[in-house]
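Top line first, the protein sequences correspond to chains C and U.
Mapped onto this note's numbering, the consecutive letters of the first sequence carry residue numbers 14 to 1002.
Mapped onto this note's numbering, the consecutive letters of the second sequence carry residue numbers 1243 to 1453.
Among the clues, some could well be false.
[Said to hold, decoys possible] Simulated restraints, written as ranges between beta carbons of each label pair: (1) 951(C) with 1272(U): 54 to 64 Å; (2) 1256(U) with 280(C): 20 to 30 Å; (3) 1344(U) with 162(C): 54 to 64 Å.
[To be verified] Think about it this way: if two alpha-carbon atoms lie no more than 27 Å apart in a straight line, the pair counts; the simulated DSS-like pairs of lysine-lysine are: (4) 619(C) with 1255(U); (5) 280(C) with 1247(U); (6) 1410(U) with 280(C); (7) 280(C) with 1365(U); (8) 1247(U) with 845(C); (9) 171(C) with 1340(U); (10) 256(C) with 31(C); (11) 1410(U) with 812(C); (12) 280(C) with 1340(U); (13) 1247(U) with 806(C); (14) 1423(U) with 245(C); (15) 841(C) with 1410(U); (16) 780(C) with 1247(U); (17) 937(C) with 896(C); (18) 1423(U) with 641(C); (19) 155(C) with 107(C); (20) 641(C) with 1340(U); (21) 806(C) with 1340(U); (22) 1247(U) with 812(C); (23) 105(C) with 357(C); (24) 801(C) with 1423(U); (25) 1255(U) with 171(C); (26) 1423(U) with 171(C); (27) 619(C) with 1247(U); (28) 379(C) with 357(C); (29) 256(C) with 1365(U); (30) 619(C) with 1423(U).
I should point out that these hints are in silico values taken from the structure, not numbers from a laboratory.
A virtual CB, placed ideally from N, CA and C, is assigned to each residue, including glycine.
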Amino acid sequence: MITRINQLPTLRVDPANKVVFDYKGKDYVGVKGDTVATALYHNDVRIFGRSLKYHRPRGLYSLDGECSNTCMEIDGIPNVRTENTLVKQGMKVKEQNVKGSAENDMMGFIDKLDWMMPAGFYYRTMHKPASLWPVAMKQIRKAAGLGVLSPDFEMPGKFDQIFPSADVVVIGGGPAGMNAALAAADKGLRVIIMESRPWLGGFFDYRTFDYRDAQYKNSKPLYSRARELASKVESHANIRVFKHTSVVGTYTNNLVTGFQIGTENDKFNERYIEVRAKSVVVAAGCIERPLLFDNNERPGVMQVACVHRLAKTYGLLAGEKAVFSVGHDLGLEAAVDLFDLGMKILCVADVREDGQNPYLMIELAKRNIPYLKGWVASKAHGSKLVNKVTMTTIDGTISRDFDCDLVVASAGLTPINGHLTLAHATLRYDSHTNFFVADKMPEKTHAAGRMLGLEDSLSIEISGKLAGLKAALDCKLMPQSYGNTETDALKSEIDSFTAQSKELPGPARGSKFVTAPVKGRKTFICFDEDTTIKNIKQAIDMGFDVPELIKRFTSAGTGPGQGGIPGHNLPLYVAKYLAESGAPPKPTNVRPPLVPTLIATYAGSKHIMMKRTPMDEMQRADGGVFRKIGVWERARYFSDDFSCKKEIENVRNNVGMLDGSTLGKFRIHGPDALKVLQRVYVSDMSKVKTGRVKYSAMCNDDGCVIDDGVVIKLGENDYYFTTSTARAGATIEWLRYHTRFDGWDFYVINLTDSMGVINLSGPNARKVLQKITSEDVSNSAFPFSGYKEFIIKDTIPVKAMRLGFVGELSYEFHVPSSYMVSLWNMLKDAGKEFNIQNFGVEAQNVLRMEKCHIILGQESEQRTNLLDLGLGFLWDRTKKDAKTIGAVALRQAENDPTRFRLVGFEMENNGRAARDGALIVDDKVRGYVCTARDSFSLNKAVGMALVESHLAKVGTRLEIFEDECGGERIYGTVVPMPFYDPDGKRMKS
Amino acid sequence: MVEIKRYSPVAFKAFPKRTEARDNWTVVLEYDGEGQGANCLVDLSHITRLDVQSSNLDAITPFGITIPQGLCDSVLQDGVLINRMNSIQASVFCLSGKRPEMPAESSYTETTEVGMCMAIIGKDVFSITEKLTSLDFMDSAKITPFLYQAPMSHIPCQIITLSRDGAKSGILFTASRGYGKDMVHAIMDAGAEFGLKPAGEDRFKSWLNTL
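So here's chain C without its partners, still in its complex pose (with noise of 0.2 Å):
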């Protein structure tokens, strides 16, 4: 176990406070703040898994969870990224994708066989002969993805959401981002300031001197500076900060997406942030561009940040011995630092050959610490772990070679941009810091920072500030905070701080350096894919010469680490093999999300919000099996027999009850309510009567039936319908939408909650219904069709309908919902010496199927039309005060022979119905079936089919087609319609 450092003032943890977590079975101790990588790593852990595709070992590089290196098994999760997520007392912790052990991992053996996977080698090989892909595939799958997850996995913890809304949102909480939440919040804003890191600071916050001026102003280190910003940030009123927060997404119209890992207090674990703003700052800062040299990635090579962090942050020293190969001034600090802390550095090479910082020249001199300007790491030695770098000029004609136990590498720096390029931010090639920066901004979105260049400390704060300020406008020009005098102040505020600015340094010259001279075999520009610089030459000589496409074939950039690691070297390095084109690097797309995150957490509080009729609960206490059907769940059906035997054959015999109340249910009413329904209608709604039902459909401007359902007439100009129970959601945008140039003064309202409905079928329903009224229910005082208002016991208004769908007596009461509960009880007593049963959906399916009514989307799909369905009749050519939708589409048709036609049929040899969407063939399709069943009221297997006309005839044979039948064909007839009370005896008797 390595020795911590317990008394740096930057430290963000506590080693007095020991946390205890298993890895592998054994007790490992770490101290709170620990991520489970750093508790790791001071327990001596350096392989902390194998790569996906080579098995070579892998570690600590980051320390930001850049790449998959340090991706671990945790708690049963896998691919947990484990320098981000803070160890907890009993965590359990395992390595992942080895056999055996990361330390001895057998298949450690595939990375000397690189040279059979060149790159897209699975696009390539192993095609021909046919037969073989199929086999070949099975083992890459096996072979590929990181971890493993049983299928009955149960995520553990507790997953939250949460949408604040905000004036203005900091993305990053370093130096320029607490600046702009400051400067816009203290212009009366709300502000909300995300950070991916545990605590606010940035890269100020490890950090105990700034080279740049020695000191900051009024000698104030860096560390001490960000935590007063972060002390000023946290109290203020109007911020709200979101710590330990990666954003994931930006969209248009300022929504931010992120996700938070919640902390001990916190009552969530994670918890996903959607904000939706008025203006965005973008103040994500820089991460390393990792230095390309051969094994760049074995155990002991580590980024400058994730050294210097380890120590001044979490007290480790990540090596006795170091050699630095940097490209940027941290480096030189950091190698100062921690000389200091008391590592020993052999060399710092830095691929600059000028522009070093002449301060930080003099620290290195005074430390005796040897400086080579112009060198770099070549090759790193070592089977699992570093213990020799070979250095070399960058032109390669001289090396030498230092025995060592971590080498700190980085090519230069690169900005965290991904925010922008979401945001729909156009990126070009800044040749001076050598950055993809923003050529084009996205409205009311600003970036600050060292995302632009800055190095200087001052500089960075200023550019923050400026950023807040610019967002504090965009919020104030919006109309309703609109005011001159206060946006004319900001604005010279800004002109102000623009001009301090320029007093101060710019974008610093960034390193253009990318690979160190070698042929690149085991030289890695995507740590997650195991990508080498030789695969990207593969690519670029197969003719991919584009980024993107290169990065599509060789997988570089597609891993977990979501582009961190080879983001920018990618298309650096393609842009240098293909120097002769003289194109400047052209960066590759990110998606959402920038950062991984769980399925979980996107899918937050598990509240599935489902609509319940009144009767749910007594209908569940009756055994009711329920289903989902749209919104609604619904008693499907009333016993474990799916078939509903029981169920059909007492409404056939008896008496049953039905709950119907998701029906669509609307009042419309005004002078022109007729017209209205005349338009959307295809009958004659001016023959609606006073008490009786009026049955049509509505169809879409093709003729095709969208909806149908009943309409009655309350009074003049005021009408009761109903729809289906899927189109009630969208009926009145129909009508409004369909009446929008007419000026037509009518109102819609949207009564389907309001009224339940019960459906009383059987050949008994009258004298249950008799039981409980006074009201002359006979036939002749209440016929089919007929429709009635009366109140039951003096208190339950009630408007009943005597309608047929399952093809028996039945009445169909709709009831204020409130009271659907006491009058299904008061029929339900009323049928106590019938022995009165609840149906339900399934069965209510098959008894209408039975009579051949139509189900729309069930015997319809879009482009179904009403005479297709059969359903012509209900059409009215005549009708003058309005045009009928789909009317003229109905003409058209009317004369077409290739239109499906809705026949009915029975199975061949009593055979068993065919399942409801079977194809109806021959040598093609011809159709198919839309629901058929084994019918308990015919002894016979019927349905109803779509088929072309030619096979519409009865006593057409129809061939059906199952899925799986292998090659087994089923049979049916097609006879007359309806089969059960072809002359609607019963339901009119």
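Once you have looked at the hints, place chain U on chain C.
Chain U only, in chain C's frame:
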């Protein structure tokens, strides 16, 4: 003999301490252990609600109150809350809990049965709502009371912000009756960390009197 009762779409996992029968509803006035917690959820599904629709809304004064002219503006007067939904429609809530005499004009439709109606009251109302909706209740451009017609917990709602005044904060909302059970589940879950508890109508009335 079946007792005729009206049932609310909303049910809480709490035991009613005091109830009152009103127009066949069993209105819970207070729940057992309700106390004076910081945040509470009240079922008001029994209160009478109406929609009024007319191309000349200015000419209509429900219960003598002028309908606000601005889109999504609301007015609370004499226990009646009126919300301007669009150019031809307003919703009317009779918050007193007593059933008023219904206006006879055909421009009115009673909507009491259409939806559940609940109030969330307390200092953490907007911390709870931000877990359920992205609506900006604290938008300084809006003056209480105001109406949102937008989703909460993915369900289309009418939400009226009645107060944003610290512990006196509160909203009233309606949504399709069928979502009652799942909506209560979602809200109680969102409010658990803030100690959200069911409360009876009395708590709502006391709060309403302070506005």
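Quick rundown of the hints versus the structure:
For residue 951(C) paired with residue 1272(U), a C-beta distance near 59 Å keeps the hint of 54 to 64 Å intact. Between residue 1256(U) and residue 280(C) the beta carbon distance is about 21 Å. The supplied range of 20 to 30 Å therefore holds. Against the hinted window of 54 to 64 Å, the Cβ-Cβ separation of residue 1344(U) and residue 162(C) comes to about 60 Å, which satisfies the hint. Distance restraint check for residue 619(C) and residue 1255(U): the Cα-Cα separation of roughly 19 Å lies within the 27 Å cut-off, and the hinted pair is therefore satisfied.
A hinted pair counts as satisfied when its Cα atoms are at most 27 Å apart, and residue 280(C) with residue 1247(U) does not qualify at roughly 40 Å. Of the supplied pair hints, the one linking residue 1410(U) and residue 280(C) holds, its CA atoms being roughly 25 Å apart against a limit of 27 Å. This hinted pair checks out: residue 280(C) and residue 1365(U) have alpha carbons roughly 19 Å apart, not beyond 27 Å. Between residue 1247(U) and residue 845(C), the direct Cα distance comes to roughly 20 Å. Compliance with the 27 Å bound is thereby established for this hinted pair.
The straight-line distance between the Cα atoms of residue 171(C) and residue 1340(U) is roughly 42 Å, outside the 27 Å bound, and the hint therefore fails. For the suggested pair residue 256(C) and residue 31(C), the alpha carbons sit about 23 Å apart, so the restraint of at most 27 Å is met. Pair hint residue 1410(U) plus residue 812(C) does not hold up; C-alpha atoms about 43 Å apart against a cutoff of 27 Å. As the CA atoms of residue 280(C) and residue 1340(U) are separated by approximately 40 Å, the hinted pair breaks the 27 Å bound.
Restraint check for residue 1247(U) and residue 806(C): satisfied, since their Cα atoms lie roughly 12 Å apart, inside the 27 Å limit. Between residue 1423(U) and residue 245(C), the direct Cα distance comes to roughly 44 Å. Violation of the 27 Å bound is thereby established for this hinted pair. Only pairs whose Cα atoms come within 27 Å are accepted, and residue 841(C) paired with residue 1410(U) is rejected, the gap being roughly 47 Å. Restraint check for residue 780(C) and residue 1247(U): satisfied, since their Cα atoms lie roughly 24 Å apart, inside the 27 Å limit.
Note on residue 937(C) and residue 896(C): the hinted pairing is violated, with a Cα-Cα distance of about 39 Å set against a maximum of 27 Å. With a C-alpha separation of about 15 Å, the suggested pairing of residue 1423(U) with residue 641(C) holds against the 27 Å cut-off. Pair hint residue 155(C) plus residue 107(C) holds up; C-alpha atoms about 20 Å apart against a cutoff of 27 Å. With a CA separation close to 37 Å, the supplied pair residue 641(C) and residue 1340(U) exceeds the 27 Å bound.
Between residue 806(C) and residue 1340(U) the alpha-carbon distance is near 23 Å, which keeps this suggested pair within the 27 Å criterion. Only pairs whose Cα atoms come within 27 Å are accepted, and residue 1247(U) paired with residue 812(C) is accepted, the gap being roughly 18 Å. For the hint pairing residue 105(C) with residue 357(C), the CA-to-CA distance comes to about 35 Å; that exceeds 27 Å, so the pair is violated. Only pairs whose Cα atoms come within 27 Å are accepted, and residue 801(C) paired with residue 1423(U) is rejected, the gap being roughly 32 Å.
Annotation: proposed proximity of residue 1255(U) to residue 171(C) holds, straight-line Cα distance about 22 Å (limit 27 Å). Taking the CA atoms of residue 1423(U) and residue 171(C), the gap is about 21 Å. The hint holds against a cut of 27 Å. As the CA atoms of residue 619(C) and residue 1247(U) are separated by approximately 33 Å, the hinted pair breaks the 27 Å bound. Taking the CA atoms of residue 379(C) and residue 357(C), the gap is near 14 Å; set against the 27 Å cutoff, the hint holds.
About 24 Å separates the Cα atoms of residue 256(C) and residue 1365(U), which keeps this hinted pair within 27 Å; it holds. Using a Cα cut-off of 27 Å, the hinted pair residue 619(C) and residue 1423(U) holds, with the two alpha carbons roughly 14 Å apart.
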